[in-house]
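Engineer: Just so you know, the sequences run in chain order A and B.
Its first residue numbered 1, the first sequence is counted upward by one per residue in my numbering.
Its first residue numbered 1, the second sequence is counted upward by one per residue in my numbering.
Among the hints, erroneous ones may be present.
Simulated crosslink set (DSS-like; lysine-lysine; CA at most 30 Å straight-line) [what the hints assert, rightly or not]: (1) A:Lys453 - B:Lys182; (2) B:Lys76 - A:Lys370; (3) B:Lys95 - B:Lys77; (4) B:Lys216 - B:Lys76; (5) B:Lys219 - A:Lys476; (6) B:Lys77 - A:Lys476; (7) A:Lys287 - A:Lys217; (8) A:Lys100 - A:Lys370; (9) B:Lys187 - A:Lys459; (10) A:Lys476 - B:Lys216; (11) B:Lys95 - A:Lys476; (12) A:Lys298 - A:Lys459; (13) B:Lys188 - A:Lys459; (14) B:Lys216 - B:Lys188; (15) A:Lys459 - B:Lys216; (16) A:Lys298 - A:Lys489; (17) B:Lys182 - A:Lys459; (18) A:Lys453 - B:Lys43; (19) B:Lys187 - B:Lys76; (20) A:Lys489 - B:Lys182; (21) A:Lys476 - B:Lys43; (22) A:Lys370 - B:Lys77; (23) B:Lys182 - A:Lys370.
These are calculated hints, taken from the structure and not from any lab test.
The structure displayed is predicted, hence computed values, not measured ones.
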Amino acid sequence: MKRSLIAALLFLACRAFALDGQIQIHDPSTVVLCDGQFYTYGTGGSSLVSEDGWAWSRGAAPSRRGMAPDLIHVGDRYFMYVARNVGAQPRADINLIWSKSLDPNSPDYKWEEGGVVASSDGAEDCNAIDPGALLDPNDGRLWLVYGSYFGYIRLVELNPRTGQRLNVNDTPVDLAINCEASILIHHEGWYYLLATHGSCCRGAESGYNIRMGRARKVTGPYLDHTGLDMIMGGGSLFAGSTSRHIAPGHFGLLDLGDGVQKFSCHYEADLDRGGASVLDIRPLLWKDGWPIAGDNLKEGAFEIESARTGTALELAVEGVPVGGPRPRRGPPGFGGTNAPGGPPGGFFGGSSRGAIPPQDVTQVSTNWPKENIDLRLANFLDQAQQKWTISAVTNAGGYPGSPYLKITVAGLDRALAATEDGELVSTPAFSGGPEELWRIDQLTDGTWRIMPKAVPNSKEPLALCAVGGSSVTLSKFDPASDKHRWHLKTQ
Amino acid sequence: MNLYRRIFLTSLAVFHSALIVIAAENAGQLHAISLTPATSAEKAPSTDGFIQRWLILDPIRSNTPLTDNAINEAVKKEYFPGQLSLIPRDGDKVKVGETELTWHAVDTRDYNVNLYHFAHSRGAPTSNVLFWAVAIVDCPEELRDVRLAIGSNAASLWWVNGQRVIGIFGDRQTVIDDGVSKRLTLKKGTNVLRCAVFNAGGATDFCARILGADEKPLKNFIVRLNAVADQKP
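If we strip away everything but chain B, and leave its shape as in the complex, we get:
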């Protein structure tokens, strides 16, 4: 192959790839490398206890500094009705200001949930954003003296059944079990885990699991696609 022909074919290939990317971005179809749509009714935690199914709302623009006081103040604002109480279903929509955002049920292949993949695959911003995410955890029995253990990039606040249990702040990376709640009780049946993750710039993700009284991860629960009352017969 002569040099000119090689340059021509290479250029053609690059141009073709660029066209595909542009088309995909326009359609919001970039592949979310680590995430897949959640379809099954329930999903067990990973072998290390990580919750791998989440309902995530399209990101909300937020320039909130990642400091304690700013984050604590930011979540007092109502971005959408029921932000601390609703249990979303895949495809539900909420209105934030004039913008309609959608809840997406996703499964992650990894211990963490890559919010950069999530947002980027939808052509949504990944910097200066706020993510809301919910997990519907179904326990076969009451679990006492357990702890929610999370990591996030960057600052995040966490609620279990409406009770705030963790806040970690600053421009930090996701570290497994970085923030750990005080001892809490998960009731038999449906428990709602909720988080708000604030990102300034760059990568953004989170991970979460539940630790037993011995600080070992629990795996005797399932994560549902929908709350039990919503299950189709």
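Excised from the complex, chain A in its bound form:
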């Protein structure tokens, strides 16, 4: 019983956020933003829509209800590529439909047929399903990869104006083998092919995992980090199963701008939702030229450390040394023989009481002001005014991948808040106002951007910013600077 309780507490103590609402979907397309709403489409005509990327609900089915669609916004059109079996596998084709809006209430919402863009005849080494589209940021060329376990992942070029096949006589290029649910992305001179290995559709027994290779040319060869070509079965692991989410597949890039990238996927089994197949959105990081699957923030206590200064966010109150002030008296020679009444190991020998427990914030905070307290940066000394609890706020909305969060002094309800002059303050108690709700996005280098949901009397989004060596403010996020980048160090 006791063990169960501890296990439950540990589980809650490091709870990761999962998307909210109706998120059941299989083979989701890339998540696309249209007129302020996020959309994704899955197998069988399923679709999900969200105003904030956190809470999702069922959306309208598109005009074609095929398999594993992908979606891309090019010009004034949303191109959707949807596969269907046209006989016994691997005989299939991929059809284009397009609309100028994804919002069924918009006058521009109307799915038009665009025809077949790729197919497999049932005999060739390909199964023309699982399309994935890329608009090359370098030259504006539009590409489509597709394929499944019958043979190769293939590449064809599309017309970016119409979304249709650019030249039907061009022979598709083979890129990879023994995978499915592939897609291309581009980053700093490299093309990355992300494809799903393993088996799908078996719940928590599924073996789906996302693997990758990269190439200098869109046509390949795509080599993994060991140099093995994906056309020979290579592929470095990008994302595998985690403790509660089994078998990720169907990568989709969600670039939010300002250096914030996320990716969507589905898990074959979300153990917290009865093993259902669900959508997730997670941070996308980059290191040494390779993408890394980040994790959404887990609730807990943190030091919030500036990547610029190396100093920690704290209340502007006088700190108390952990364990109490050090006695000034010490033996001659600092650490030699023991002095009467001094610590047993000499001046540097520490306390005879052994391990020093963490500070009790309820004790050290008794002398803190009861009203608002300013913030500042200081060397981290493990003191109570330097530790922050970050936790989800229910029914307050969110942003792609996470609910809005509150940031409170660990052990207290004293909350971090934005002020109407674009500065920071800690309020005596969390009120739930938008100035006390925080959006915390992991940036591509693994640091975090921390933004209030709203700044009173301001429409401009601002981010937590180190200014000078010991000061902190809010200012417009600058992706090129480290002043808005923070390390969250678990306490």
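Guided by the hints, dock chain B onto chain A, whose structure is given.
Structural biologist: Below, chain B alone, put in the same frame as chain A:
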């Protein structure tokens, strides 16, 4: 030169130097290496925006610990009348207890103001002291959303036009832009920057500049020797 002669001459030189130092200390005339008396009516900030002209009061003895609460409590004490409001002139005197102290207008050659040089050159203590300093900043136009950015050795409190804007505490060294105020407005014309710097022991100095909304240092102002109303025709 034989050995005995060399020792004799060396000893003589050392003795002579010592006499000079003693005489200078007695007269309070040690050269303040980095500081010179301010004489011109106005001075522009340095190329990096640092304010290089200050009116500094002779140091006040203070054994105040450098912690937040102790420093905040210490400045509530009135050391001299108008300590948070007066705009001093070079040579003005105030009485702190029974001791008469003088305001000195100085220019620094460096980005920082070396208070150790300042005090030592006057034969004044440099440890366990409190320095008050004032800069008279004249802006050609209103400057909005600017920030005062300072560094100090050691703890210091800062006011702009009577409003407290920065407090940094502890036994710290001077780091450029260590403490930065919230956004503030400097009015067109005279603005008064004031600081109280507490030192426990060893070196002591401070630096200050004004940052624009883009956090780059501002240089479109001048620092006056005297407030405009005091200017001689």
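Engineer: Take the hints in turn and mark each one as holding or not.
Structural biologist: Going through the hints against the structure:
no. : hint                : in the structure
1   : A:Lys453 - B:Lys182 : 21 Å, holds
2   : B:Lys76 - A:Lys370  : 20 Å, holds
3   : B:Lys95 - B:Lys77   : 14 Å, holds
4   : B:Lys216 - B:Lys76  : 33 Å, violated
5   : B:Lys219 - A:Lys476 : 24 Å, holds
6   : B:Lys77 - A:Lys476  : 40 Å, violated
7   : A:Lys287 - A:Lys217 : 20 Å, holds
8   : A:Lys100 - A:Lys370 : 55 Å, violated
9   : B:Lys187 - A:Lys459 : 27 Å, holds
10  : A:Lys476 - B:Lys216 : 15 Å, holds
11  : B:Lys95 - A:Lys476  : 48 Å, violated
12  : A:Lys298 - A:Lys459 : 29 Å, holds
13  : B:Lys188 - A:Lys459 : 29 Å, holds
14  : B:Lys216 - B:Lys188 : 20 Å, holds
15  : A:Lys459 - B:Lys216 : 24 Å, holds
16  : A:Lys298 - A:Lys489 : 11 Å, holds
17  : B:Lys182 - A:Lys459 : 20 Å, holds
18  : A:Lys453 - B:Lys43  : 45 Å, violated
19  : B:Lys187 - B:Lys76  : 27 Å, holds
20  : A:Lys489 - B:Lys182 : 26 Å, holds
21  : A:Lys476 - B:Lys43  : 34 Å, violated
22  : A:Lys370 - B:Lys77  : 24 Å, holds
23  : B:Lys182 - A:Lys370 : 21 Å, holds
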